[in-house]
Each structure stands twice: as structure tokens, then as C-alpha cells.
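A.B. asks: Knowing the structure of chain U, use the given hints to seat chains E, H and R on it.
The chain contents come next:
4 protein chains.
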Amino acid sequence: MRNELRLGILGATGMVGQQYIKLLADHPWFKVSRIVGKKSAGMSFKDAAEWVGEYDPPASIMDMKVDGANPESQGADLFVSCLPTDGAKELEPLYARLYPTFSDASAYRMEDDVPLIIPEVNAEQGRLIERQKRSRNWMGFLVTGPNCTSIGLNMTLKPLDDEFKIRKVIVSTMQAVSGAGYPGVPSLSIIDNVIPYIKDEEDKVAIESNKILGKFVGGRVEPAGLAVSAMCHRVATIDGHMESVYIETEKPVSVNDASQALRDFTGLPQSLKLPTAPEKPIIVREEPDRPQVRKDKNAGTVPGMSTVVGRIRPGLDNHSLKYTLLSHNTIRGAAGNTILTAELFYKQGWMNL
Amino acid sequence: MRNELRLGILGATGMVGQQYIKLLADHPWFKVSRIVGKKSAGMSFKDAAEWVGEYDPPASIMDMKVDGANPESQGADLFVSCLPTDGAKELEPLYARLYPTFSDASAYRMEDDVPLIIPEVNAEQGRLIERQKRSRNWMGFLVTGPNCTSIGLNMTLKPLDDEFKIRKVIVSTMQAVSGAGYPGVPSLSIIDNVIPYIKDEEDKVAIESNKILGKFVGGRVEPAGLAVSAMCHRVATIDGHMESVYIETEKPVSVNDASQALRDFTGLPQSLKLPTAPEKPIIVREEPDRPQVRKDKNAGTVPGMSTVVGRIRPGLDNHSLKYTLLSHNTIRGAAGNTILTAELFYKQGWMNL
Amino acid sequence: MRNELRLGILGATGMVGQQYIKLLADHPWFKVSRIVGKKSAGMSFKDAAEWVGEYDPPASIMDMKVDGANPESQGADLFVSCLPTDGAKELEPLYARLYPTFSDASAYRMEDDVPLIIPEVNAEQGRLIERQKRSRNWMGFLVTGPNCTSIGLNMTLKPLDDEFKIRKVIVSTMQAVSGAGYPGVPSLSIIDNVIPYIKDEEDKVAIESNKILGKFVGGRVEPAGLAVSAMCHRVATIDGHMESVYIETEKPVSVNDASQALRDFTGLPQSLKLPTAPEKPIIVREEPDRPQVRKDKNAGTVPGMSTVVGRIRPGLDNHSLKYTLLSHNTIRGAAGNTILTAELFYKQGWMNL
Amino acid sequence: MRNELRLGILGATGMVGQQYIKLLADHPWFKVSRIVGKKSAGMSFKDAAEWVGEYDPPASIMDMKVDGANPESQGADLFVSCLPTDGAKELEPLYARLYPTFSDASAYRMEDDVPLIIPEVNAEQGRLIERQKRSRNWMGFLVTGPNCTSIGLNMTLKPLDDEFKIRKVIVSTMQAVSGAGYPGVPSLSIIDNVIPYIKDEEDKVAIESNKILGKFVGGRVEPAGLAVSAMCHRVATIDGHMESVYIETEKPVSVNDASQALRDFTGLPQSLKLPTAPEKPIIVREEPDRPQVRKDKNAGTVPGMSTVVGRIRPGLDNHSLKYTLLSHNTIRGAAGNTILTAELFYKQGWMNL
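Residue numbers (my numbering), protein chains in the order written: chain U, 1 to 353; chain E, 1 to 353; chain H, 1 to 353; chain R, 1 to 353.
Okay, chain U solo, but in the shape it has when bound (with noise of 0.2 Å):
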């Protein structure tokens, strides 16, 4: 392993890149080098920007300059991306050809030679991409993080069905304003006010959450015969995604057992002690009103990076079981999780670098 990876930023200069930029700023293993975007190539990162964090970004992104979209030439080791839709749907294949790329975007998401990663829930599907390059004839390869609200419910998901086998899941959200981006939500729409809809969520998560799920076997997801339905609510907070869970399972599951199952998970990430993985995947509160969002969206050893779960309590019958859940959604849900399936893919060694 060298010891500085070079890393690309595809999509920089929205709430996602910055949300990247703000984690790398010390990152042991990558360093950003490169800052890509189309419509403000040329312009210093400063002027291409509106910075929306809590925080000043360091003084070396401000004043890089914003490259436009020209793979060939971009030496960078590896390349992360949050462009939109759209943009991923072009460009991540350009870069895909050449470089390790790992994008937060939808557009490849559920392709069948394309990971779909949570590093402590199917770290194994990741060599999903040996099939992807071979059959693509690929340098790099595409792996990619699911929707913010799948990421949260997976986690939490994985060690309940390993134990108690789930068969169905009814899963009501509240989610932040951070999850539209910048500007997104318009103030007028969400003070005083929840929106029952945000635009095609619902389905990401059912279809999502059977890929994540999905056993790999022979170079292949197969995916887990999970029944999901998602009713997703926008709320007036800043940075956070809520989830109240309803699940019904094939074994008996009964409160104890469940919050056992739930504290002692862990994965790849923890054994490995990759940089950004937490000392702790989830979080387990015995308080009845935990998990909150202010309170506890930056709870653990890395912030933004547990899950957080409370009100674990029975359901309507002796095979059924309902939780709350609490993930950050800029950080596990986006960029931080992203950084973490690079650095487990560099750990592994499946970069090739």
C-alpha cells in the first residue's frame, strides 16, 4: 500500500462534496487533489461553492481550482462522487474505466455487477466487481452507497434478520432537510409543517434493501426475500433521518434478544480499525425517548457514523418487533460511508493501486 492515495472529488461543490471535503481534511490515507465539476470548471472552489457547513473548509480546497470533466487526463489514484443523478449517469462510467470510483449517487446503484455497499453489513458483495471488470473490460471499477434512508434501516435490519430471519418491514421516516441538498427545501414549505412525500424514496428503500441484504453467491446478489414498505416524511430538521421500524420476522423475537443482537454487531470495518469506521456500527439507548435527532445524530467514537437505536418494544405478536432508529444522513448516509467503503476496499487490497 502506498502511503497517499491522490483522491478526486466528481460533483465537489454541492452539500454532499462539502460534507466529503470536511472528513478528508486529516484523512490518514487520502488526500483530495482534485476537485471535479462541470458547469463551474475553471472557477476556484471558493467561487463555485456556496458553503452551507458549520465550519470554515480549509484554506487549500477554497482556493483549488475546479477541473472540468476530462478523465483521461486527471491523474488522481482514486475518485469519489456525489454528482446528481444525471451527471452520475455520464460521467461515473468515464471515470469507472480508469480509476476505483466510489459514488453515493443512484444512477448505478442497482446494475447487477455494481456493489451497493454498507461496510459493516456486505462488505463481501464488494467483490462484486471482479465480475465488473472483467465483463467491462475496466482499469477502475463503480461501487456504490445506498439512499441515505436504506443505509440507516440496513444496518439496523442486517443483525435482526441474521438472528430472527425477516419477513416483512414497515418503516415510517422523518427526514432532514440536508437529505434535498442545497438549496433544496424552501423554507416557506417545512417551518411549522411535515411533508409525507419526498420524490421516489419510498421505492429506493424496498428495492435497496433486498440488494443489500442479497446473499452473494457464485459472483452474484441474490437477493433477500425481504417485503419492504417505506412512507417517507420530510421534517424541519437540519441533519438526521428518523426511522420508527415495524418488522415481522419468521423465528420469535422477543426485546432482549433483539437489543442483544443490535449491541453486538459489528463488522469488517471495526476488525480492520479502518480511520472512519465507529468503535460501535450501532448504538443501543435504554432511555423511552431516545434516540433523538439534535441529541444524538453525532453520538459514538466518529461522529455521524453509528446508528443509533431506541424504543425497542414488542409488536403485535410474539414474531414481530418495532425499534426507532436514528443515522446522520450526510455523513453514514452519503459521504462518510462512501469514504468508508473506500477505505475498506484499500484495506483489502481490491484497489489495485
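Since the hints were derived computationally from the structure, they do not count as laboratory data.
Any given hint could turn out to be false.
To be verified - Taking lysine to any residue pairs in the SDA-like style, the calculated list, with each CA pair at most 25 Å apart, reads:
id : chain 1 : residue 1 : chain 2 : residue 2
1  : U       : Lys165    : E       : Arg167
2  : R       : Lys168    : H       : Leu226
3  : H       : Lys46     : E       : Glu286
4  : U       : Lys199    : E       : Asn318
5  : E       : Lys89     : E       : Glu111
C.D. replies: Just chains E, H and R now, kept in the frame of chain U:
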């Protein structure tokens, strides 16, 4: 029927009490003649109550003296009560013994001989008071209204249950801060936050629904055999509880048939043309992003009395369905529903006045 | 006077346009007959406008076709305009040449021969149109209304200036997000935040105040010699601009005398009993914690048209005073003020129709 | 100097008490050894306090027992106090008689022999304790910190007064709800609202400023002859008071000179390198729309300790100026300022420990 009834309010200084005062300001049948409070007895209403509403109360009320609890000598014709639970437990029977008493407190909701009424849904259960008066040897009687969350939910379950026979309900709520009264939820607890917990609320919704939708047979209410699981959340809205509902039905259910059933729903208050009855108990919106709290809480001919339903869409199979509803929690969910119930009893001649 | 005038709206699809539609829905004199928009010409209003209000617009408007700008052939009797600045600059003269045109856009507010009217404050300046029509050789004319912040401020400055002769005004505002239109302020920018900046607003308040309070002498407005310094802030409220005002006066001023002057203030709209005139242009509250945005923005006989004043208290000496005012920014601060102005012109016979 | 001082907190269960606990968690000099409370004496801190912060307190504190007020036997080395006014009035002298006691309560701020300290602004006034100890015959002493609004204001007035001699200050504030403690401001009162009133706040700001900026001569503080008029508002933000300030000065003042004076400002805490001293007491931003509450409240090297200033612009003439400042109300405005003051006294050897 007399021309105008003198109405007393038990617990008038709180938030719901103020809602009663507002709604009754120009009522054609009932005139507020007494205000009863324990702690503030002897004070003027103006001094006793911290007025929280977005309008000024009538001067006549502001100067009214708050009476102590003294049922024997308080010659109103009927009473409404919005006492806190303990106060209701103690005082409501003392008034119900003598007067028609209509309460939105929870203290006696689940008593066998006490009606729990949403006038459009289960008016016939009002006749429970016959048994109540007989067995308790009371001149008056006690009628209750359900919890604010139960009211919106059961308003929509009723037509769907009639048509498709509901077996299971998974409901997730996003409730306004006014539901906790005044001062209620501290601002520090709810700005940029969601609280996934409202004490006792989830149990109330489950239990009350089975009484509300139960059958009135042989002078008794036979509980509906409905499995109801609620997940209740507090969000930063002023008024209006939003509820996202997933139901499973015995008979196959389609989006079209369900919409039609909800749209067509009407009840005794409508046919009796009661003063506080909205033209349509349920308003169905077709837009993908409605109902919304701020935009829809006052929809319909009587602001705050209609339940607005939207996002009707298929569940996981053809025996399931999901939708979102909005119900104004201090009007239909409390004072408005109680006034409508009193109107029903009056018009039906059940008051014996 | 004709019985009913046909009114066209320039720029009807935006937020203020929607406010016009709401306020004119049952107007006794004016009936919306035309909707003019550039970008959405040819579409139905329903398709052209994202309706943001807390009520549903009349069906007649929803189905109305948006006309392109075509002054020659658009036979309405008068026009109101809420075009964005550039559009106003281009189109308003083309309409004003032919029709009485009333605008709340800023493009022509400071022109020498264009009235800048708050009907209760400076109705007499309306006669500037005589010179305007003459010199421009127009059949119609253009009348403007001040910036939303200027309107509330000058409504209260007028009676105080008349009585105590104001020399200096230091005003600090807390302005609602609707003032920025729709989509306007991103929710990410304002939840749990205050923005101490609204482009050009502080200058407008200073300059406009001197015209509004100026003397109309010899067919010209002589600017008042008022030193006005504004500090403008955006806060997370929906509607209603709050302004805390510190004034220094030439004559000694007492809290009592100032309260009386504000309370007694009345104008031509009141004596003419114009349909949109509130009974009291200024409502004075005595409580120490009023006005409040949510509670007072719709106070008075015509919701949104009265300015509510409170916290009148001494300044640093007996030639100074401070107080807080609240003015509804999209009603009195825009559409409502313009409609009232049009009513004034109609009733005074200044329309020549 | 001893290596580590044992510190007791008077009134630790409230919001500011929790802020003390957080800020002292890893303090190099002071270690929380006692928690004193009246109502909760005998309980564990965990049971006594409703923890409101966005982080979890150290376990050592959670299990600490709350002591009753018993100054004689409570061998800590110093005390900090955040008692409510009445409690402070009663208890602070009992502790100050025996121990160095640092308070952010208002009870004794204006006593002649009690320092009212912002360490960067008027450290020299700390020596008032010499007279205090002598005249009261105390072993310990009492030092206070100003009101949260006064602190941010005077931090910025100091360098401007030094340079341009301030005569008059008109300040308008937009204060966060945490300033009212917990439960404090009801959510029903502040969502979609502004409250133009905070009890006693405006007077405190005026009076305290004259003591803070006064001259320390002959063992006494001679009040600065400053005319200060404050208009205080509560807005829906969590932490961080914003203040828009208009000043009039004796000497001519320019934007450039004022910016420079604010930028260059530094104090004893910086030169002594006190642990809680921010590198820069004042941070000046150039952007037209800063400071903003959420983005800037934690700016600088010690989160919550720097005052952020922006929008420096001319007043009505060349002897006036206006600007906006942001100061974290529970850190610099309370616990942080008191800790910094205790550090100052310790380092200066004024504690006599």
C-alpha cells in the same frame, strides 16, 4: 328543545379550555356561562389563564370569575371537561351525577358504560348512557371523546373497515406540540429535533380504536378485533397531527375503492346538520405531497373539523394499503369533537333537558 | 363609477400574486379577469403556479389561462403588478401607458413623478399622477407601494412625526421568510439560525421613508429630512415582519402621548370606508410581550392590514422613544396595500374610468 | 500553584450547570469534586438533572451525589455558581465567605465591591476583591460575570471605546431559547414566532455595560458615562445570541479603523495563555451575511468563546457605526466566561490557594 343552553367548562384555563371558548364564542345553541377551576377559583379568567391562542378571547369571558368546583350549586345545563387526568378522575363523576357532561379527558374513556364518541363514527354508542344512568343512578351522565391521535385515525379506519374489514393497523404519527398543552414541550427539546416518544399515547391509540370501532350490541360495546400498533413522535409543528397508516384487510382492497370509501364517508352529524359538523368529515387530496400540516389543518367548511387524507397507495399486496392523514389535534382532536358530540346528544334528545 | 372593474395581475404566479388572488376572491369592486406572465404564457394558472398558500385558490382562477405580455389587446380596466424588478422595469411602463397600474415592485418607486403610497399615510401624494400623465403623455399611470419593511415602519412614524417631529430613526428588523418569495430562503439556511442580511433592504428603508413622509408641495414631493438607519435580519417565521424602532424627536416625547398618537391615527381609507381598510390602521397593545408574530399578524378587522405596536417605552432621554411593531409583509406589506391604494384611487375618482 | 484544584458547582443540575460539567470534563487545572443543590440534595446527579445537552455527560458526574448547601464542611478549593437569583442571593455569600466563588448569577453583579468580569475586557477590576475581602472580613471572595447579552456586547464595545470613545449605544438582540434555561421557553410560544420581550434584560444590559467599561481607579470602579439602550427579542434558535449594534462616538470612526480595532483586540487571557482563552476574542467576518447563529456560534479555537462580528458599516454620519455580533450565550455568555475568570484569578495568584 330550549333555545339556548348554559354551558360550563371544567378546566377552562388550559389550552383546550381556550379552544372551547373560541369555538363556542358564537355558538347557536350553547353559551358559556360558567368556568370552573380548582387552582384559580375566585380569580377572573383573565388573571387565571395564560392565553396562548392566535386571537383575542371575548371580553365577556376575560372578565368572568372562575368558580371553584361546586357541582350542587352550579346551575349550568351541561358541562364540558378538559381537566387533567387526576382532576377529571375526581370531579367528572360529581358533575356527571347531576348534569350531562362531555369530556375529552382520558380518565373514564375505557369504562364499560361510558361512551367514547366520534360522532361520525359511532354515534350509536352514545346510548350507552342509558345503562350508565340506570346503573349509577345518575340524573346526568358522562360521555367521553377519544385521544387526539385516535380520533383522526378512527375517522379514516371506519369507512375502510366497513368496506374491507381491517385486521391490522401499523400507524406512525408526527404530532404537534399543542398536543402537550401549555407550557408543554420546551422549545429546547423540539427545535431541530424529533422526539420518538409520547407517554402512554401508543397504548391509548390501540385500546381506544377497538372500543370506537366496536359493535354496539345489547346495550354493550363489543370490541372490534383489531390489531393496532402505534409509533408516536413529537415534531416541531404548532397544530395538526399527521399519521401515516399501513393497514391489512380481510377483503382485497384497491386504491380506487379505498379513495371512494373515504370520500363518500358521512355520518349523523352531517345528516342532522349539526352546527359544528363539517360538510365532509374526510377530505381526500390527490396531490402526491398532501396532506401537509400547515396547509391542510383547517381545510373544509368548519376549520379543524375535517380529516384530510392523501397519499393513498398500495401496501405490500392486494390485502393492504397505506395512506397519510392529518387531523387538527385541539379542534377535532379535543374541543371540537366534544362540542359536536354535545350537539349530537342535544339534537337527538338524549340530554333530557 | 362602474359596478365592477376588470383587474389584471402582472406576475400572478409568484407568492404575492397568489396573495392578490386570495384577497380579491370576494372583492366588491375588482374582479380578476386577466393573469399575465412571461414565462408561463399559454399555460393554465394551475400548471404555471406552485401554489404555496394555506388555502385553496378559487377554481375559476386555477383554470384561467396565463396571457403573455401584450398590453395593447388586454382589455382589463386596471392592473396590479408584483413582477420581479427586471420584469417590472420592462413591462410596467407599457401597461401604465394605457391603464391605471398599481405596483409593489421596486423598479419605479423612487421616480420623481411616481407616487409611493401608503393610503393612510400619504394619500395626497397620489396626485403626482397628474404630472406623470401630463409629462409622459400617458392614458394610464403608475402608482407604487413601498417595500414591505418601509410600510410597517412609516405607518407608525407618520403619527409620531406629525406630533413630535422625528429627526433620527434606528430600526432593527426581524423579517419573515415569505418576504423572499418562493422558493426563497432555503430551509437549511434558516432553521435554528438568523441571517443578518437582506440584499438592498436597509437602503430601501432609508430612502423610501423620506419620500413617504415627504411633503407634497407644488405638485412635487419634498423629501422629509429624516435620518434613517436600518439593520435587517431574516428569522424563521412564515409571515409578519417585526421591527424594533428607536427614534429621536425634535419635540419632547412621552410614552403616553406617543401611545395616544398611535392609537388615534386614522386616514382617508378609514373615512372613505374602503373595502380593504382596517378599522384601525394601528393597534396598540399594552402587554409587555406584544406584538408577537404568530399571535398578532392577522389582528384587526381586516386580517393582515393593521400594524400592531407594543412595548412603547422611553428612549435615552425625553426626546427619544422606542417601540416594537409588527406588519404582515405579504398583505399590508405588498398585495393588501396595493389593493387599498387602488381602492383609494377608484373612490377618489382618480382613475378616470 | 497546586496541580489540580477541586471545584464545586452550586446549582449544577440546570442548563448552565450542565455546561460547566461539559467544559470542565478535561480541564487541566480544575476538577469537579462537588455538586451542590438544594432541591435535589441526596440524589445522584443522574436522577436530579434532566440532561439537555447534545452529548452524554461523564459517568463520574452522573453517579456523583448532590450535596445539600453546607459551606462549612464542603472542602472544595473553589466554587462556581449558576444558581437562580434567589438561591444565589442566599447562598453565594455563605460560600464566598470561605472560598473563592465565581458566579454568573445576577444577584450581586452590581454591588460596589463585587467584580463583574469579562477577562479580556476588565481583568483589572478583579482586584476589587481586595476591598471586598477586607471590608467583609471574608476568607474567600465573590466574583461575578455579566449577563449573557452584556458579555458579547461589551467584548466588542471595549476596543471601539478605547479607540473612538463611545457615547451612545442602541442595540437590538435576537436571543436563543437556551438563554431562558430548561424547560424555559415553551415551544408553543416560539415556533414561527418572535417574542420582543425578555424580563429585566434591557435594563441589565444598560447598567452592566457602564460597570464593565468603567475605570478602575483608587480601588473603585467609576462607571463609564455610556448611554445604552437595548431592545431584546427571543427567537427560535437553540444557542447563540445575535446583537445588532448602532454606536455613536466622540471621535470620528471609519469602517476600516473599527474593523482593525476589533480584529486586533486581545487581552490578558490570551497573553497568559489561559486554557479556556480563545486565540482571538473577536473574529471579524467580511462576508455580507455573517455572522450567522448556527454557522458561527462555535467559531474559533475554543468553541463558544469567541465573539464573531460582521456587517461593520457606516452609521448615519462619521461619528457613528453599525455592526452585528454573535456570542454563544451558555459558553462565553455564562459557564465559559466564569471558568475563564477563575483561570485568570488562579494564574494571577489572586486566589491565595
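A.B. asks: Each hint needs a verdict: does it hold in this structure or not?
C.D. replies: Hint check:
no.	hint	in the structure
1	U/Lys165 - E/Arg167	holds (23 Å)
2	R/Lys168 - H/Leu226	holds (19 Å)
3	H/Lys46 - E/Glu286	holds (14 Å)
4	U/Lys199 - E/Asn318	holds (23 Å)
5	E/Lys89 - E/Glu111	holds (12 Å)
Checked against the numbered hints above, the structure violates none of them.
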